[in-house]
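With the sequences and hints as input, model every part of the structure.
Per the working numbering, residue 164 is the first one in the sequence shown, and the count goes up by one each step.
Keep in mind that the hints were calculated from the coordinates and are not lab data. No residue lacks a Cβ here, since even glycine has one placed at the ideal position from N, Cα and C. Not one of these hints is a red herring.
Cut-off 20 Å, straight-line C-alpha distance, at most; resulting in silico cross-link-like pairs (EDC-like, lysine to aspartate or glutamate): (1) K467 to E433; (2) K440 to E333; (3) K430 to E390; (4) K229 to E540; (5) K166 to D438; (6) K232 to D546; (7) K469 to E444; (8) K469 to E198; (9) K387 to D375; (10) K418 to D309; (11) K260 to E198; (12) K244 to E224; (13) K244 to D547; (14) K469 to D165; (15) K467 to D165; (16) K166 to D197.
Computed spacing ranges between beta-carbons, pair by pair: (17) E540 to L446: 27 to 35 Å; (18) S720 to G192: 42 to 50 Å; (19) L277 to D197: 42 to 50 Å; (20) R736 to D362: 55 to 63 Å; (21) A370 to K727: 55 to 63 Å; (22) E183 to D515: 46 to 54 Å.
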Amino acid sequence: MDKLSLYFITWNVATRPPGESVRSLLDLGRFPVDELPDFYFIGLQEVKSQPQNFVLDALLEDPWTKEFKNALAPHDYVKVKTVRLVGILLNVFCLRKHLSFLRNMESGVTRTGLMGLWGNKGATSLRLELYGVNLCVTNAHFAAHDHQLKQRINDYNTVIREQSFMIDKETTKILYHDYIFFIGDLNFRLNNPEVYTQDMITDKIRAGDLNDLLDQDQLVAVMKSGEAFSELNETRPTFQPTFKYQFDSHNYDNKRRCAWTDRILYKVNENNYEDVKLSLEQLKYTSLQDYGTSDHKPVLSEFKIKICPTLFASGCLPPIDPDARLRRDTTPHRMSSASVSFEPVTKWVLDDRNNITVYFGGDYVPNPWDWIGVYPENFASLDDFICYIYLPLPLTPSPSFPSYPDEEGVDIARLSLATNCLDNSNHDNTVNKSTRKQNNTVNKTSSAPNNAQPSRSSAREEVRRNSHEEETTTSHEDEFSALRKQTETHEEASNTNRIDEEQRIESSSGQDERTRNTNSLDKQRLNRVRSADTPEVISTGSVSARLDSLVIPFPDSAIRSPGKYRLIYFTKRSADVLGISNAFLASPGPLDWGRNYSLDW
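As structure tokens, this is what we get:
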């Protein structure tokens, strides 16, 4: 596979709910099963955005996203991301087979309404990497009305200038990516309103004289003058103006002059890689006149882009602004090959503790904020998790799990382990159940952990407070002090190797039998994790027989209903999917078959 197919839709829905099937818009019936588009990028504008809608959409998904998801799910598409700014909505769907190849996703919004203070106008953007290339998609809604041309130009330049991405220093701006797609209700109208009246425009449309009208198109004019969009390309539209129509009709509304307000533009930076030239082919660019829900007609386009999964990055892009920083690849580098695989889950017993094993590949170093979600077998969105747990890391650094002094999360993990690796015999087994649930599972209505991570400083204070309450003997206090000192020593000497660090820990805590024998400690910890008496605050992990694997215990409340499920491993930074488990059956234990279980979704 050296090409991917991308399908784009932009539609201003005029605050109206879905009133027609979107299947024709997605064009699913045209594609053979093995030739379906790899990705759908759906940009909507003027999605209803009153306060009550924000609350409902946050909990239940907005009606338009749900409509598209329900239409795509039977064809094995999964919703990857929704980026929203008031009524500006960008939805990304991909075939399930691509999920674990997406890397470094980052989204952003740029407000241009009311001098940048309000998001009724602006843009939503998403950048990602896949199969050795990166791309950025922006969905915009710019200032309306004929006389607002300068404001539309300013809106575009504001988005290009101010939208930044932090996850990759080489692609901090929209135009620095390999492939750029800019879609939306850009609101550009026709020049010379005194000459090109609405009556003249409609007459030319009926006569099929679109070229004369396009010569008056403001977007074409500003691209030629270099005022806006000059960095991008657009195939000359062959479809009728998409605005303004009467609602539930195919007739133009004579109150406004017709115009091509809804557009799809693109750009490929061909020479970003050595020895390979990137390429893009536009297969279709049209509008669908049959949809009457809105006063706009939807516009869609289909592309094929070249990918190069094993290539090295090289070269640099010239800046758009002379004062901007160059994109530089100081040293060639290969795209991330990080991966996680699950040992096949063959048995899952409800209301019991279940252990799973994950294996790390591609030199991936796990992070304390990585998380594993439990999903229905045929999940249709990455937001459909039933519950999740953060990754429990082992206490002792190893070649597979080194500790980094610049990662505050490591400090939290160590303190958490110090709290929870205490003797079960001296542990208070009456752990508050609400605390357990807060630390290990979340409600289906909660936001994903990568979007709602707790404050690291507050997490550290919480761990320290819990540890103070749980330390009931002098030996526990000594253990906690030794572990804290281990962390502080590591932060002060980040370049000291692991062997020296272990020797310092031994000398500072010579009375502690656990730190004297690392292998024995790991074995004891694994036994404790598997013990039925282990507290339900799951903050501990264990290194299995292989150094590149981790045994992870799930709380007994992780899955509450019989059915088929999957586990998905997500990274901390960008919620990349690094691994998906096999589908497994969760069933009641031998004594629970008489219980009345209900489905969670």
